[in-house]
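Those protein sequences? They're chains A and B, same order as listed. Using this note's numbering, read the first sequence as starting at 1 and increasing by one per residue. Using this note's numbering, read the second sequence as starting at 469 and increasing by one per residue.
These are computed hints drawn from the structure, not numbers from a lab. Errors might be hidden in some of the hints.
Claimed, not checked - Dumping the calculated PhoX-like pairs for lysine-lysine here, alpha-carbon to alpha-carbon at most 25 Å:
#, chain 1, residue 1, chain 2, residue 2
1, B, K827, B, K587
2, A, K432, B, K635
3, B, K788, B, K745
4, B, K586, A, K361
5, B, K569, A, K361
6, B, K587, A, K361
7, B, K827, B, K745
8, B, K635, B, K672
9, A, K176, B, K569
10, A, K117, A, K205
11, B, K672, B, K745
12, A, K361, B, K666
13, B, K745, B, K677
One-letter residues, chain by chain:
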Amino acid sequence: MAYKDDIALMAHLMRRAGFGAGRDELEARVAKGYEATVEELLHPETQPPVDDYVLLRYQPGALLPGGQPPMGNVHWMYYLVNTKRPLEEKMALFWHHVFATGNSKVDNYDQLLEQIKLFRDKGMGNYRDLLVDLAKNPSMIYWLDNNENHGYAVNENWGRELLELFSMGVGNYTEKDVRQASIAFTGWTFETKIPRLPYGRFPWKFEYRPEDHDDSEKEFLGHRGRFNGEDIINIIVQQPACHRFIARHLYNFFVADEPQVPAWSIEAPRDPKAIDTIATAFRESGYDIRSTLRVIFNSDFFKNARFQHMKSPAEVVVGTLRLVGGFELPKPGYGELSMQPSYMGQDLLNPPSVEGWHTGKEWINSGSLMARINFVAELVGDPSLPGVRAIINRLKTQAPLSPEQLVDGCLDLLGPVEVNDETRQELVEAAKEWGQIRWDNEANSTVADQRVGQMLQLIAATREYQFA
Amino acid sequence: MPATKKDPVLVVLQLSGGNDYLNTVIPYNNPLYRDNRPAVGIPDDQILRVDSNYGFHPAMAPLKELYDEGKMAIIHGVGYANSPRSHFRSMDIWHTCEPDKVGTEGWLGRVVRELDPKKENVVTAVSFGPSLFRALAVPGVPVACVAGPLENYGFLPTIQEQAQRAKVLDRFARMYSPAIGRNAVMEFLGTTGLDSLKGADILKVAPKKYASTVKYPDTPIARKLRGIAQVHLADLGSRIFYCDHGSFDTHASQNPGHGNLWRDVSEGIKAFYADLKEHNAADNVIVFLFSEFGRRVRDNGSGTDHGAAGPCFVIGDAVKGGHHGEYPSLKAEHLVQGDLNPNLDFRSVYSTILAQWLKLDPKPIVGGTFEQPAFLKN
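Make a model of the complete structure from these sequences and hints.
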């Protein structure tokens with residue numbers, strides 16, 4: 001019994017801090033221990049990186065994917081499916097939610113992937129440093145027009161979003177602060193773009209132009225000085241509003257669904273004590289994301305939040321591909337695969353706006369629900385895929401299976417997934433129509449494989465399966 | 469039932485990305501047009517003149533035919549005050565009718581709620597697009613959202629065997645039944661699942677019933693419009709259709725990009741209209757075209773940047789063809805940050821459609837009382 005709980009808890013950790021795990025991996029991790037697994041996840045450098053060369057051998061177009069989908073999506077999807085450092089990739093996804101930058105304007109997947117690489121490399125490091133890097137990131141500069149932010153003509157786009165969407169949230173600064181922050185970032189731009197034709201795209205590089213920077217004295221959040229951009233960020237990270245803002249984002253992404261960001265100034269968090277705990281850890285660690293995540297994953301509020309989070313489309317797609325296996329190589333067809341999250345409402349590398357995606361139940365509408373169920377069902381119902389095969393092989397060892405055993409076995413190996421009694425009863429009714437499942441001869445084995453696939457499809461179609 | 473007694477149907481075609489007003493309805497006699505469009509101006513001899521002042525983009529020839537027949541209304545200068553010039557914010561404003569705060573309810577979602585308060589028909593609104601448009605999104609209001617080909621629409625299309633599929637879908641329906649909902653989100657999921665299931669069941673007859681001699685072009689927008697025609701002709705009680713085309717965000721290489729977009733849209737609409745005509749099913753349909761904003765008056769050397777006012781178009785038998793309202797002034801002193809200043813609130817256009825076409829009270833839907841320009845026949 002206790003071992004079952006350990007598996008369930010480990011599965012929860014891996015769904016949230018990664019993209020789920022099959023049973024073999026869960027068992028190995030339970031043997032290693034929960035806290036040791038958390039440490040491994042927090043230290044991705046202990047695991048091998050994704051092999052870029054395999055990607056480029058199969059999909060050379062993914063090196064510099066240009067402005068049109070899907071090669072940029074192929075590139076990231078390959079990382080998401082193959083990484084042995086799941087939390088590193090999950091943090092890239094997290095910061096992509098928060099610092100939402102989109103191809104609709106940037107029109108350059110090469111540069112957007114550079115930004116994702118920044119999140120991958122530094123996403124668990126120091127938040128202050130990450131903000132400074134973000135302010136120097138050419139995609140972000142272009143996305144929020146800081147290349148149009150001149151000493152003689154201030155553009156407030158970056159300055160405003162830095163405060164509103166990237167660090168503190170509305171209600172924690174004045175319009176004057178927005179203006180002053182924007183002025184402090186004048187002259188932060190990137191090297192003049194070389195025309196795309198005839199040689200193709202050239203990399204964008206950050207450039208600081210002192211002659212375009214307004215070096216006058218500024219007043220920002222009660223501080224006064226001849227501030228430059230880094231000074232503004234140094235002041236921001238000291239604000240309690242910033243600590244709570246990051247805490248709520250982390251909570252919403254890793255623990256349980258919260259209302260959407262624009263509502264944060266009005267609606268209290270669902271677990272104020274948890275937010276306090278996270279915010280304190282963040283402040284006391286000197287804005288270190290790794291330390292903050294450690295506190296979250298080892299907390300009771302995290303461990304008790306099983307299935308309190310609606311899976312995002314990226315989590316649905318990546319989690320399924322990793323579970324069923326067979327998609328490690330970026331074969332032909334990967335382009336369509338990599339666009340699947342967009343059909344469910346999450347076009348990676350192209351969020352709908354700088355506000356990012358609305359999460360939780362807002363992922364669900366009639367179109368997106370159908371898209372996610374159909375995608376998962378098609379894959380888990382295919383007994384030829386190695387991950388499905390592995391589930392079948394484990395079930396086989398307990399054969400012959402009664403309808404109840406089939407249902408409980410599938411629920412267990414697909415998660416464990418927790419379902420309501422009524423849902424379980426429906427699944428059992430379905431299984432009863434098939435009678436006992438056995439692999440005692442070839443004909444029965446073929447049928448049995450199909451039945452397992454069908455049961456996995458039904459489970460994937462349940463409401464409960466939409467949660468992580 | 470005589471066609472004229474059929475309920476009015478609205479088809480919305482969203483031109484995503486910000487359509488360039490000046491190169492769509494070209495004020496070719498205005499010298500300021502040439503002054504401002506040194507790079508992306510349309511040569512005089514290519515403009516499709518509709519009268520002594522204005523002409524269409526050369527790619528809009530099929531639409532000009534409809535215009536000449538008096539079936540196309542141009543509504544000028546549409547927008548709203550203080551355009552944020554952001555695609556997303558602007559599109560949100562058009563979708564939610566909330567220019568001052570972030571709205572959660574789409575205006576057409578409210579329309580669906582009014583048209584079918586008891587949710588008797590889950591395909592009252594059918595959307596053709598990759599995901600649900602916010603204009604249609606109101607929690608608890610069902611909208612059928614067709615992402616791919618209409619023929620494949622439904623849950624678990626990979627289960628081919630009919631009897632098996634019927635059983636599985638039946639099981640699905642029971643697992644999504646409200647009785648099993650334990651909290652608000654689970655209930656929401658249950659309702660959404662059941663509504664989509666029902667919608668798919670209803671819509672699947674449409675392609676089977678459909679036959680037409682009209683050939684649609686092989687473009688994304690034509691495929692969507694064909695799907696709309698199939699559902700409309702199947703007589704399933706659908707009242708609101710939604711589709712989109714883009715991206716009209718022509719910052720660079722506006723020529724030929726902008727023309728290609730309009731060619732696809734114009735040819736698609738022409739085929740759609742011909743299809744409805746062939747089936748004697750056009751008179752209760754209007755097509756409404758809008759974009760989230762127009763573009764900057766002065767070109768940037770290869771394209772145009774985000775602007776403010778734009779035109780709307782309404783097409784159909786019930787339309788009073790021709791110009792409605794006034795083309796905003798191109799004079800520098802009348803521009804707002806280089807952009808055409810809107811002289812008609814977009815909610816006015818909605819109000820006419822709501823009051824005079826769908827016979828609904830516009831006030832609660834658009835959030836106020838607005839003038840109703842008379843672009844529809846009474």
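Verification of the hints:
1. B:K827 to B:K587: holds (19 Å)
2. A:K432 to B:K635: holds (13 Å)
3. B:K788 to B:K745: holds (18 Å)
4. B:K586 to A:K361: The given pair, whose Cα atoms are some 23 Å apart, holds under the 25 Å limit.
5. B:K569 to A:K361: holds (21 Å)
6. B:K587 to A:K361: With a Cα-Cα distance of about 21 Å, the restraint between K587 of chain B and K361 of chain A holds, given a limit of 25 Å.
7. B:K827 to B:K745: With a Cα-Cα distance of about 24 Å, the restraint between K827 of chain B and K745 of chain B holds, given a limit of 25 Å.
8. B:K635 to B:K672: Judged against 25 Å, a Cα distance of about 17 Å means the pair holds.
9. A:K176 to B:K569: holds (21 Å)
10. A:K117 to A:K205: Since the Cα atoms of K117 of chain A and K205 of chain A sit roughly 15 Å apart, the hinted pair holds (cutoff 25 Å).
11. B:K672 to B:K745: Status holds; Cα separation ~23 Å.
12. A:K361 to B:K666: Since the Cα atoms of K361 of chain A and K666 of chain B sit roughly 21 Å apart, the hinted pair holds (cutoff 25 Å).
13. B:K745 to B:K677: Since the Cα atoms of K745 of chain B and K677 of chain B sit roughly 17 Å apart, the hinted pair holds (cutoff 25 Å).
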